[in-house]
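*Asks:* So you can see what is in the structure, the chains are spelled out below.
There are 2 protein chains.
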Amino acid sequence: MKAGKSSIGIGLLGIGVIGSGVAKVLLNKTDTLSRRAGIPVILQKIVENDLNKHGTLGIDTGLFTANYDDILHSTDIDVIIELIGGEHPAFEFVSQALNNGKHVVTANKELMAKHGYNLLKLAHEHNVSLRYEASVGGGIPLIAPFQQDLVANDITTIYAILNGTTNYIITRMAQENLDFSAALKQAQELGYAEANPSNDIEGLDAAYKLAILATIAFGTEIKMQDIYYEGISRLQARDFRYAQELNYSIKLLAIAKQIDDFIEVRVHPVFISEDSLLAKVNGVYNAINVEGDLVGSLIFYGQGAGPQPTSSAVVSDVIKIAQNIANGIVNNIQITPSEHKYTIKPMSEIETKYYMRMNVEDRSGVLAQISKILGDHSISISSVIQKESDPATKTAEIVIMTHPAKEQAVQEALKKAENLDIVKEISNFVRVEA
Amino acid sequence: MKAGKSSIGIGLLGIGVIGSGVAKVLLNKTDTLSRRAGIPVILQKIVENDLNKHGTLGIDTGLFTANYDDILHSTDIDVIIELIGGEHPAFEFVSQALNNGKHVVTANKELMAKHGYNLLKLAHEHNVSLRYEASVGGGIPLIAPFQQDLVANDITTIYAILNGTTNYIITRMAQENLDFSAALKQAQELGYAEANPSNDIEGLDAAYKLAILATIAFGTEIKMQDIYYEGISRLQARDFRYAQELNYSIKLLAIAKQIDDFIEVRVHPVFISEDSLLAKVNGVYNAINVEGDLVGSLIFYGQGAGPQPTSSAVVSDVIKIAQNIANGIVNNIQITPSEHKYTIKPMSEIETKYYMRMNVEDRSGVLAQISKILGDHSISISSVIQKESDPATKTAEIVIMTHPAKEQAVQEALKKAENLDIVKEISNFVRVEA
Numbered sequence: 001m002k003a004g005k006s007s008i009g010i011g012l013l014g015i016g017v018i019g020s021g022v023a024k025v026l027l028n029k030t031d032t033l034s035r036r037a038g039i040p041v042i043l044q045k046i047v048e049n050d051l052n053k054h055g056t057l058g059i060d061t062g063l064f065t066a067n068y069d070d071i072l073h074s075t076d077i078d079v080i081i082e083l084i085g086g087e088h089p090a091f092e093f094v095s096q097a098l099n100n101g102k103h104v105v106t107a108n109k110e111l112m113a114k115h116g117y118n119l120l121k122l123a124h125e126h127n128v129s130l131r132y133e134a135s136v137g138g139g140i141p142l143i144a145p146f147q148q149d150l151v152a153n154d155i156t157t158i159y160a161i162l163n164g165t166t167n168y169i170i171t172r173m174a175q176e177n178l179d180f181s182a183a184l185k186q187a188q189e190l191g192y193a194e195a196n197p198s199n200d201i202e203g204l205d206a207a208y209k210l211a212i213l214a215t216i217a218f219g220t221e222i223k224m225q226d227i228y229y230e231g232i233s234r235l236q237a238r239d240f241r242y243a244q245e246l247n248y249s250i251k252l253l254a255i256a257k258q259i260d261d262f263i264e265v266r267v268h269p270v271f272i273s274e275d276s277l278l279a280k281v282n283g284v285y286n287a288i289n290v291e292g293d294l295v296g297s298l299i300f301y302g303q304g305a306g307p308q309p310t311s312s313a314v315v316s317d318v319i320k321i322a323q324n325i326a327n328g329i330v331n332n333i334q335i336t337p338s339e340h341k342y343t344i345k346p347m348s349e350i351e352t353k354y355y356m357r358m359n360v361e362d363r364s365g366v367l368a369q370i371s372k373i374l375g376d377h378s379i380s381i382s383s384v385i386q387k388e389s390d391p392a393t394k395t396a397e398i399v400i401m402t403h404p405a406k407e408q409a410v411q412e413a414l415k416k417a418e419n420l421d422i423v424k425e426i427s428n429f430v431r432v433e434a
Numbered sequence: 001m002k003a004g005k006s007s008i009g010i011g012l013l014g015i016g017v018i019g020s021g022v023a024k025v026l027l028n029k030t031d032t033l034s035r036r037a038g039i040p041v042i043l044q045k046i047v048e049n050d051l052n053k054h055g056t057l058g059i060d061t062g063l064f065t066a067n068y069d070d071i072l073h074s075t076d077i078d079v080i081i082e083l084i085g086g087e088h089p090a091f092e093f094v095s096q097a098l099n100n101g102k103h104v105v106t107a108n109k110e111l112m113a114k115h116g117y118n119l120l121k122l123a124h125e126h127n128v129s130l131r132y133e134a135s136v137g138g139g140i141p142l143i144a145p146f147q148q149d150l151v152a153n154d155i156t157t158i159y160a161i162l163n164g165t166t167n168y169i170i171t172r173m174a175q176e177n178l179d180f181s182a183a184l185k186q187a188q189e190l191g192y193a194e195a196n197p198s199n200d201i202e203g204l205d206a207a208y209k210l211a212i213l214a215t216i217a218f219g220t221e222i223k224m225q226d227i228y229y230e231g232i233s234r235l236q237a238r239d240f241r242y243a244q245e246l247n248y249s250i251k252l253l254a255i256a257k258q259i260d261d262f263i264e265v266r267v268h269p270v271f272i273s274e275d276s277l278l279a280k281v282n283g284v285y286n287a288i289n290v291e292g293d294l295v296g297s298l299i300f301y302g303q304g305a306g307p308q309p310t311s312s313a314v315v316s317d318v319i320k321i322a323q324n325i326a327n328g329i330v331n332n333i334q335i336t337p338s339e340h341k342y343t344i345k346p347m348s349e350i351e352t353k354y355y356m357r358m359n360v361e362d363r364s365g366v367l368a369q370i371s372k373i374l375g376d377h378s379i380s381i382s383s384v385i386q387k388e389s390d391p392a393t394k395t396a397e398i399v400i401m402t403h404p405a406k407e408q409a410v411q412e413a414l415k416k417a418e419n420l421d422i423v424k425e426i427s428n429f430v431r432v433e434a
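The listed protein sequences correspond, in order, to chains Z and R. Heads up, the first sequence is in the working numbering, so the first residue is 1 and it goes up one at a time. Heads up, the second sequence is in the working numbering, so the first residue is 1 and it goes up one at a time.
To be clear, the hints were calculated from the coordinates, so they are not data collected in a lab. As the structure is a computational prediction, the values presented were derived from the model and not from experiment. Hints may be right or wrong, so weigh each one.
A pair counts as met if it fits within one copy or between any two copies, since identical chains are not told apart.
Computed list of lysine-lysine pairs in PhoX-like fashion (alpha-carbon distance at most 25 Å, straight line) [unchecked claim]:
| id | residue 1 | residue 2 |
| --- | --- | --- |
| 1 | LYS24 | LYS406 |
| 2 | LYS29 | LYS341 |
| 3 | LYS29 | LYS257 |
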């Protein structure tokens with residue numbers, strides 16, 4: 001970085017929905033942002049392969065280039081904003097940008113979940129900043145609070161709604177008694193779910209974000225293969241009805257816990273008390289509950305996606321870098337490695353309460369047989385609902401809530417129960433968090 | 001600041017409940033904090049006038065001194081933590097510390113509300129940092145997010161529960177149908193309210209905090225005399241019953257709004273929709289809803305007081321300063337002055353909906369007379385509840401909800417209504433926010 005710079009040049013990679021939003025903020029608020037940065041912040045170049053998109057969106061054609069080298073190697077560019085998303089070629093571009101001494105701001109959760117730990121080291125080696133506030137929770141400040149404002153804390157637990165698409169679908173299912181496919185269709189029609197929604201609905205998107213947050217929270221690299229994730233497509237309208245009857249809400253939670261030398265990191269649907277604030281987070285909103293040894297329980301709530309909230313995070317990252325450059329500072333915030341050596345707890349060993357729903361023959365002795373199998377696996381029952389005896393098929397639906405039990409024991413017990421003649425179907429099970 | 005320092009020395013002013021908590025964190029987590037700071041962070045001295053307190057709390061007597069100069073003038077002290085509270089002598093000590101080139105961390109809301117703007121300038125002149133994250137919202141990160149993470153936004157609105165004592169009292173009143181004095185007594189017994197609770201219950205504490213947040217949010221110094229504040233002692237159990245009937249909760253809100261060239265800053269009880277998340281913030285918790293042009297609506301929630309949460313903020317501020325010293329950086333974050341010139345809107349000119357409760361004679365024509373007075377002041381009624389006709393006194397209670405109206409018109413109309421023969425008493429009125 002040259003000393004005595006008279007302005008900060010920005011290069012933008014990616015001019016999709018998010019990129020257009022960021023470009024507009026940089027162009028429309030240039031004076032305000034420059035004043036806050038203490039130095040003019042100028043969008044110099046937008047890289048876009050598709051020549052048809054050049055000069056669209058009311059943006060001056062002169063800003064567009066199809067050649068990545070125009071920003072990677074230009075001395076006019078100090079900060080590169082990467083908004084192309086996905087692992088490749090984003091990884092190669094970001095690595096090259098850092099190698100070339102450019103500061104980088106990214107909203108790319110997949111990139112940061114898979115390569116963040118090493119890219120931050122690379123940034124450090126080259127004395128530049130890599131900022132990624134927008135990669136988790138859209139405009140909600142999370143990366144900076146976790147890394148800086150909570151630095152005196154040992155973080156013990158994260159419970160987070162990190163995916164707006166699934167939270168929207170779940171909210172509709174709960175409020176309107178819809179089945180999954182109907183709610184998904186509504187979400188797609190409203191643009192809240194993509195045509196191919198699998199990354200969202202199968203929990204992968206939330207798992208990327210959890211990897212990023214947990215890595216900061218615990219000061220140890222949480223890899224994608226460390227995270228168990230499971231989506232919402234197994235949930236049915238009747239699960240929500242039972243949840244309500246039992247005073248629970250169902251949410252897709254990203255969970256990270258540090259207990260002694262073990263870390264649990266998992267994404268799956270969860271029964272949570274309907275009195276908790278997280279239970280009241282509806283629609284496309286995100287909310288992150290973090291617990292620290294000093295601060296206790298904190299919640300951050302806001303819009304986790306969309307061009308405007310994402311611009312808030314991306315552009316604020318850019319201004320922080322510009323402020324530092326203006327002050328002759330480089331502040332390449334690293335993950336502070338923990339002094340503890342943690343082991344990832346395998347999913348089979350986690351312990352929670354469970355909700356189980358099954359379809360059984362409607363005759364006496366059924367519950368006794370099921371209870372026996374659960375008891376044989378050290379699973380104790382806290383309550384039972386039996387419902388909807390169907391005279392035609394002579395079946396009934398049983399819902400069992402358990403006391404805390406080991407995941408492996410529950411999986412084995414459910415397999416055994418499924419083999420009972422009297423059990424027609426294990427319809428569903430959902431983990432329950434206090 | 002000397003280059004090449006081998007450790008950061010901390011001086012602590014004030015060893016009350018909060019000071020003891022901070023001292024314990026600095027002493028018990030020294031290794032962890034030093035590792036995160038990148039340099040040893042050592043509590044060197046605690047100033048306490050009362051010699052009887054020296055060596056208490058399990059803290060080495062050798063750390064104590066009764067002489068302020070031992071930290072103000074010591075070359076071993078780099079950062080002074082001010083936890084004595086109140087305006088004086090905190091103002092003089094902090095000014096002197098900054099003048100002497102010491103970094104300062106404070107939790108003092110009164111000091112920062114009254115002198116923050118100038119003290120930040122003083123810090124800048126002396127090239128040191130003044131940090132005050134703990135002054136608002138206890139451990140909830142607010143100062144840093146407002147100043148840094150949301151820097152790309154123009155902040156338009158703050159709705160905040162900033163005082164845990166009053167929120168606890170209000171929660172008990174709402175949930176247990178208690179009157180104010182009974183709920184206050186419970187709060188005092190549990191240590192949530194002080195023996196002299198007036199700063200909390202009259203809204204002054206929340207006003208201090210609002211002055212601090214609004215100054216950052218709008219980039220212009222909001223003075224205490226700019227803020228209208230009013231407490232919760234006028235509220236009665238029946239107001240909460242009517243609120244519930246009308247699907248509202250009552251909260252003591254600190255409100256800041258920027259509309260065109262005007263800023264509104266006020267603290268008073270408010271009817272808010274019971275569906276809003278703020279309505280669900282109960283007990284001693286704080287929550288801050290901030291709206292920005294890009295980020296939309298964000299909520300920060302957590303414990304707004306107590307030694308542990310306050311330590312989280314104070315010690316994190318200390319570590320940030322230590323990190324900067326270790327990296328040879330001074331980062332004395334200033335209020336970025338807005339390019340706009342704002343005028344504070346007088347309370348008489350604000351416009352909200354209103355809840356009015358009055359005791360009237362129970363006979364025909366009463367509502368017509370009251371409606372006429374309201375109509376004469378351009379106040380239109382949205383709904384009316386008439387209740388509890390008392391045959392003995394021949395009185396009834398009327399609750400009126402209005403459409404948006406000017407404060408001044410409402411005050412004048414209520415005075416006129418009070419003079420009607422048929423009106424026994426204007427029992428209460430509360431402003432309603434959407």
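*Asks:* Report the numbers of all earlier hints that the structure fails to satisfy, in ascending order.
*Replies:* Checked against the structure, the only hint that fails is number 1, while the rest are satisfied.
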